[in-house]
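**Student:** Could you put together the complete structure from these sequences and hints?
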Amino acid sequence: MWDWTFTFEILPVLARAAIMTIEATALGFAIAATLGLVLASIRLAFPAAGVVVTVLVELIRSTPLLIQIFFLYFVLPKAGIVLDAFTAGVAAIGVHYAAYCSEVYRAGFENVPRGQWEASIALNLSPWNTFKDIILPQALPPVVPALGNYLIALFKETPLLSAIAVLELMQTAKNIGSETFRYTEPVTLVGVFFLVMSLVSAGMVRMLESWLQRR
Amino acid sequence: MNDMPMVRFENVSKRYGPLTVLDNLNLDIGRGEKVSIIGPSGSGKTTVLRMLMTLEAINDGVLWVDGEPMTHMMQNGKLVPATIKHIRRIRAKIGMVFQSFNLFPHMTAMGNCIEAPITVLGMKRSEAEERAAELLDMVGLSAKKDHYPSQLSGGQQQRVAIARALAMRPKIMLFDEVTSALDPELVGEVLQVIRKIGREHDLTMLMVTHQMGFAKEFSDRVCFFYQGKICEQGAPAEIFGNPKNERTRQFLNAVLEAG
Amino acid sequence: MWIRMLTAMLAATLLLIALLSANPEYRLFMPGLLEGAVLTVEITLLGAVLAVFMALIAALAKLYGPLPIRWLSTTYIEIFRGTSALVQLFWLYFVLPQFGIFLDAFLVAVLALGLNIGAYGAEVVRGAIVSVARGQWEASIALNMSKAQMLRRIILPQAFTAMIPPWGNLFIELVKSTSLVSLITLADLTFKAQQMNQSTLKTVPVFTLVLLIYLAISLTVTIAMRLLEQRTSRGLTRGRVA
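Keeping their order, the protein sequence lines are chains H, D and U.
1 is the number of the first residue of the first sequence in our numbering; add one for each residue after it.
1 is the number of the first residue of the second sequence in our numbering; add one for each residue after it.
1 is the number of the first residue of the third sequence in our numbering; add one for each residue after it.
No lab work stands behind these hints, which were simulated from the structure alone.
Be aware that one or more of the hints could be misleading.
[Stated by the list, open to error] Listed next, with one range per pair, are the computed distances between beta-carbon atoms: (1) P113(H) - P97(U): 37 to 45 Å; (2) T83(D) - P142(H): 42 to 50 Å; (3) L201(U) - P142(H): 46 to 54 Å; (4) L56(U) - A45(H): 50 to 58 Å; (5) W4(H) - D104(U): 28 to 36 Å; (6) T180(H) - F106(U): 26 to 34 Å; (7) P77(H) - T185(U): 22 to 30 Å; (8) P127(H) - L252(D): 54 to 62 Å.
Treat the numbers as computed from the prediction; the structure is a model and nothing was measured.
Backbone N, C-alpha and C define an ideal beta-carbon position, used for all residues, glycine too.
**Tutor:** What follows is the structure, encoded as structure tokens:
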């Protein structure tokens, strides 16, 4: 059933692919966290533009990430923007999770008491300084755990990149499978990798959460 | 069996970790007796009711209800911890009204009053509804029977809660600071209902209260709790008119001054 | 968002689909895509049924089961939340046959997605049960109910209301994750899109239509859940009269 020799044979190959998975996760989340903050800030600063952002966020969250990956990969070239599979895939994942992150930031902004804005006006701070020095430092720390949970969710969705043949873990496992006709070891190993990584990082998020609460 | 009191606390203790909430309590409550428990917060007075309702487990001692042990049962002539089946049989004799009403928010006033009679006692719906209608009438809420708790005032909710408890035909009624969560102008209507029950029903009543005036006028006996012990007990006239214990005097002075 | 805005968005989406279909370049794809959409909806519905069932069982087992059962349920929840839906799908699809278990792709799809969403749902159910006020348990004890009676008549009905919004989100996740079944050869909406894209290279019309169709399905689910929420919370939130 389970072949240990085979397992050790494929382990280095999978380990290299795991690095690709982690790279995709890091880049994707960098986009998600930054773009999400921009979206939430736009909504905060220009209520009129907020409706557009709301609809956009709803649109992104209501359609499958896989379709969005295909969309960027196949449609952008028609507009003259040619991206390699990795870039297109990571960009799609980043934008998808930016929609989720923007909601997290929004909740963070809403949790800052009104009095903080009013006190800043009373001190004659400019809107930009109020946002940068008063609101952001209070809004961000409480939402870090929620962002952490989206980081884990994003990480678990990177196997979707296999659909456009990015050589991350899942694709590598499938390739091994189709070459050797043995799927049990590679696919199970991928599952175990994701399980361990998400359990560990979920534990870290919980620790962060309790640290933030004690602070 | 009838010479046994309705409720007996026999060397009952309750601890939360290192904190002793009730220390070796001995207390008998007679059939039909109306006893008020007063005392500062943290004195363990609410715990007395909660243990009797089996909301809190006891750490030591035995609790007797209507001549039978409730927390324990007889097996081969020895008292052993009770099974849930035994507890439920004894618990059927007790009803409780809470400080925060605890009505079921997804059921109307009528629904609250017929739920347990149907599911627990196995009553027919028509019979349960008839009985609930009588009780809602007694607490003055016939007109509100199809209202949900969120549509009722605090005083009305508490009256429904009283009717709900009575619908189970208990022999003992526990009232846990039932007017503490009410706006001052709504306290009277609830106390009125309790007075009426005291007159019309043959119930043993045990209440924790901050309404000294009501305790004085309504109860047969008043127990003053202090730091997990009964510090002084006796007829209301005695306790309120001529308290023997220094702690009781201090407490009553503080309460009367405040309110 | 409010139901009215969602309904407007749904109407706009459907209108846009209709307008685009007037164009022959788009109309060409509609029959095939709708065929795929039917499979997508089927998998969603069956997956949802399995997910709710698993979530209830796992949550109650984790809360009230004896220790081994509690353990089993925790393991299920952690495994299915800790690995992604695609990994689970591939595992069931590629690995089970090597153990001599041959399931048809449709069954694998429903099973993988239902179990995946069910694991998340279990935590939703558990959270909702735990969040019911302690006084409700105490009142039920004071009325001498049995544990089963308390759960069935008092706690679960109240938890149900609290569960609806998070379940709404989970069902949207389910709709979206059905797109993964295209990777195990099931001819759902995404599969059809890929196929048409490859055979005609009309990328923009195909993917625009597909996005709009998914949006319409998701919005329908969201609106349905909002309506359900309104209905069930009626008794709980009706305004104070007195």
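**Student:** Now tell me, hint by hint, if it's right for this structure.
**Tutor:** Now for the hints, and whether the structure bears them out:
no.	hint	verdict
1	P113(H) - P97(U): 37 to 45 Å	58 Å, violated
2	T83(D) - P142(H): 42 to 50 Å	47 Å, holds
3	L201(U) - P142(H): 46 to 54 Å	48 Å, holds
4	L56(U) - A45(H): 50 to 58 Å	44 Å, violated
5	W4(H) - D104(U): 28 to 36 Å	32 Å, holds
6	T180(H) - F106(U): 26 to 34 Å	27 Å, holds
7	P77(H) - T185(U): 22 to 30 Å	26 Å, holds
8	P127(H) - L252(D): 54 to 62 Å	60 Å, holds
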